[in-house]
Amino acid sequence: MSIRIRNLQKAYGTVEAVRNISLDVAAGEIYALLGPNGAGKSTTLGLLTTVLAPTGGSIELMGLDPVTNSAKVRRRIGVIFQDETLDQELSVLENMELHAGFYGIGRDECASRSRELLEDCGLWDRRSTIVRTLSGGTRRRLEAARAFLTSPEILFMDEPTVGMDAQSRNWFWLRIRNLNQGSNTTIFFATHQLDEAQGKATRIAIIDHGRLVAEGSCAAILQRSNAISLEGAYLDLTGTELRNDGESAFASIPGR
Amino acid sequence: MKVVYQLWLREIRRYARSRMSLFGSLAQPVLYLLALGIGLGPVYRESGRGNYLDYIVPGIVALTVLSSAIHAGATVMWDRRFGFLRQALISPAPRLGLHFGRVLGAASVACIHGSLMAAICVAAGFPFPAISQVLMACGFLVLVSYVFASLGVVIGLALYEIESFNVAMSVIVPPLFFLSGALFPPENLPSSMAFLIGINPLSYGVDGLRAALSGRSHFGAGLDVTVLATLAGCLTLTGAWQFSRAQA
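Which chain is which? The protein sequence lines are C and P, in order. Heads up: the first sequence begins at 1 in this note's numbering, then just goes up one per residue. Heads up: the second sequence begins at 1001 in this note's numbering, then just goes up one per residue.
Bound-form chain P, shown alone (with noise of 0.2 Å):
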């Protein structure tokens, strides 16, 4: 446990150094709330579908929560790189520790920035959610951004330069967005983008926060738990069995 908690607590302290990366984590979010929330919002109202900017700061939480918490696969790299990791990789922690205290840094990291932004939604005409609804929210914020820094980290050990982690991540960050539903409804979709989202982990993690700001659910938010807990799950294991393997 003290590895775990040292470090998730190194994520943190080089977090609160480092306010360059709160601007980074909120800028695109933030576009899209204000271009499409706002700018889409008369199209959507008279397509009968109601508010867009409520259908639409699930997934604009989502996408926050999605690109803090994955990058921690950059630091790894950055780790590997300037020898951090080679000293974690000598030392008799446990490798489930080295993984678990990691994701649980980037992810607390991320739930600060979906938390934040989800307050810039509230401040751009949002309505403010009850209790109960905060803390399903809280619930699915923290199951998301576990999945997705787990993820990163198992990318960031499989990859051996920073550059290539770019690239993947060019590739792989927008799919998972734009196949996630939150920016259109899943329903009624062609068999093949239906079967993507079905397929996509964001999916579920858009929907279960979703369903608890709005009510609203395609999968229900039975499925998104137990589908974003098996990934995690899963994920932890990959992670702890890479750092197992893996040399400095």
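This is chain C alone, in the form it adopts within the complex (with noise of 0.2 Å):
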């Protein structure tokens, strides 16, 4: 198994943000995690990828706990976040060095990398563009450019296409196939759109005020919520109320 969670819970005061979440994903598998703003999605995420620290439950990853062996799982997984981390005033080249510097990659290994990696995203001959200067959308094909580079075994995404263009969208999914189908490397990823979950992942997780409500392949979901679409299900499960982003927990970290 490349992902286990036992009754996974976040807290934050009285604020519980994560609540009980168990789930498995398969090496190779493609999971999305489903759920309108404040679910829980994030901090679900940053849980996973050692940004958080669980209050409660456990997590496996690839055989290993996270909060034990932290530097042992950054090797070994990537992420993609849904807000920038590139630094605004390096070059295009400049960030995937630095990304490199990270995980220890060598200078003859990234640059042959970040050649065949900007190429594919058609960055390269921006290579020396500054990435303040640079549209959002393209500032998106960067980071997933840059989260390739280490050739991970977990891919984890955070609405990974937001604020990509439709070419963008269709080169990124071609690059996590190709990464998932030539590699087995397994992607986890948040998402609140419904077609991106359906048409994308094997198996769907869908949370709301930090629970599991349902998981399982989508006609699976379908068949246990009587309803004819992803869509129709997905509202049965969460509500149709309008969600604010301030009510999700993870807002009242300090610092956020």
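Incorrect hints may have been included.
As the list claims (entries may be wrong) - Straight-line distance between alpha carbons at most 20 Å, and here's what the computed EDC-like set of lysine to aspartate or glutamate pairs gives:
1) P:LYS1002 / C:GLU109
2) P:LYS1002 / C:GLU196
3) C:LYS72 / C:GLU153
Unchecked claim - Here are the computed distance ranges between Cβ atoms for each label pair:
4) P:GLY1139 / C:LEU174: 51 to 57 Å
5) C:GLY106 / P:GLY1139: 31 to 37 Å
6) P:VAL1167 / C:TYR12: 23 to 29 Å
7) P:ALA1016 / C:ALA27: 40 to 46 Å
8) P:VAL1225 / C:ASN7: 28 to 34 Å
9) C:GLY182 / P:ALA1240: 34 to 40 Å
10) P:PRO1190 / C:GLY106: 57 to 63 Å
11) P:VAL1167 / C:ASP83: 24 to 30 Å
12) P:PHE1082 / C:TYR12: 19 to 25 Å
13) C:VAL67 / P:VAL1167: 55 to 61 Å
Claimed, not checked - Chain C regions said to be covered by chain P (calculated; three or more residues, Cβ under 8 Å):
14) 5-17
15) 99-109
Honestly, the hints are just simulated from the structure, not real lab data. Even glycine gets a Cβ: it sits at the ideal position worked out from N, Cα and C.
Given two chains presented individually in distinct reference frames, assemble the corresponding complex, making use of the accompanying hints.
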């Protein structure tokens, strides 16, 4: 099993952001975490990627506990965050080199991998361009290329295609499929885009108010909910009430 | 080592692309040099203590280094706000490397500023030092810049709001400078002030630079090096520990 979560909990004082989530993700699977704003998707991802420490329950990634073996886990996972994490004052290539430095990738390997990835995403000719001057969608493509640089065994993604145009999204999911099929990389992504979850993931987990409310393949979820579409099942499970981002417990963390 | 090199290189590249930081770091020391070094010169000379410019230059250079180095903490906070820190923290890079690389980069920039300020002081009339003096002064420049870049990072990691950092700097930096022996000799002072000067880490940096450039020292160059090196070690370990506990 690539990811095993049992009774995962994360509380900030009296606010429970994640409540007793349990799920398994097999190696090489593409798994979507679906939920409305403030449901706990980003918090769950934060717990899985060693950004946050759980207040209860257990996590196993590739057989390792990310709390006690954080360095080993970090070496083997990749992360694409919802918010940008590029250095805006460095160039495209300099960001790749910096990332390679964080992962101990040698200069020659970094050079060849960076060229391959940047050519693939159409950014090689712009390798000397300062990131601050790129459009949001282009920066997102660079974030993805950077995450692929380390050939992770598990790739975690939080709203990975936000800000991308259709061509970029197409490129992105083709690259993800290549990574998944070529290297058996497990893909775990959080999204609130139903078409993305339905079209790309082999299994989906729907969470709301920090709890797991449904889990399985899209067909299995539809069968259990008696809905005729994933959207119908999703709205049945999570309701139609509008959500504010400010309701997210994550927003109350100091420094956020 | 790769992460140390890349983080050092990052600071150098960012500095090279931001010319305003140079003016920001030199403006206040130049003002002190002109207003105090030249303005108070006649008064100091009349007291029989010689040339005030010769006395004040080590302190001015130390202030330049202090101002530049300690703002490494602000960089940490901007990195946290704009997400770069998160990417560093979820990487397998050793936490000691994250601290060391960042501090080395900030210290390098501070040394550049300190050297430029020293050149300005020479242009203003400070006697050109011998090579041996220059080398000794460079050693103290490196030590002072490392200590205060480390301190800046430690403070930056402890705070969450950039505004809080700016307030902290406005409270910390002036006492560090004014109570370091930079502007007046630390001899024959009331015991309370002598105590404050004695516990101020910048005092040992100023004293070391003065020992290098003019041969005069209050604490002794050996003690200056010992204090600064010990502080550098303690702050490095503290910073690495903070990085290991930081949540992005």
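Hints and how they fare:
Between LYS1002 of chain P and GLU109 of chain C the CA atoms are separated by roughly 13 Å; this keeps the pair inside 20 Å, and the hint holds. Using a Cα cut-off of 20 Å, the hinted pair LYS1002 of chain P and GLU196 of chain C is violated, with the two alpha carbons roughly 37 Å apart. Taking the CA atoms of LYS72 of chain C and GLU153 of chain C, the gap is near 12 Å; set against the 20 Å cutoff, the hint holds. Take GLY1139 of chain P and LEU174 of chain C: their Cβ atoms lie about 56 Å apart, and the range 51 to 57 Å holds.
Taken as a hint, the range 31 to 37 Å holds for the pair GLY106 of chain C and GLY1139 of chain P, whose Cβ atoms sit roughly 33 Å apart. For VAL1167 of chain P paired with TYR12 of chain C, a C-beta distance near 26 Å keeps the hint of 23 to 29 Å intact. At about 45 Å, the beta-carbon gap between ALA1016 of chain P and ALA27 of chain C stays in the expected band of 40 to 46 Å. At roughly 55 Å, the beta-carbon separation of VAL1225 of chain P and ASN7 of chain C lies outside the given 28 to 34 Å, and the hint is violated.
Range check, GLY182 of chain C to ALA1240 of chain P: about 37 Å between beta-carbon atoms, so the 34 to 40 Å window is met. The hint said 57 to 63 Å for the Cβ distance between PRO1190 of chain P and GLY106 of chain C, and at roughly 59 Å that hint holds. Range check, VAL1167 of chain P to ASP83 of chain C: Cβ separation about 26 Å, and the 24 to 30 Å hint holds. The hinted window of 19 to 25 Å between PHE1082 of chain P and TYR12 of chain C holds, with their beta carbons roughly 23 Å apart.
In this structure, VAL67 of chain C and VAL1167 of chain P break the distance hint of 55 to 61 Å, their C-beta atoms being roughly 35 Å apart. Evaluation of the coverage hint for the segment 5-17 of chain C: breached, as 0 residues show C-beta separations to chain P shorter than 8 Å, against a requirement of three. With a cut-off of 8 Å between beta carbons, the segment 99-109 of chain C has 8 residues touching chain P; three or more are needed, and the interface restraint holds.
Hints 2, 8, 13, 14 from the earlier list are contradicted by this structure; the remaining hints agree with it.
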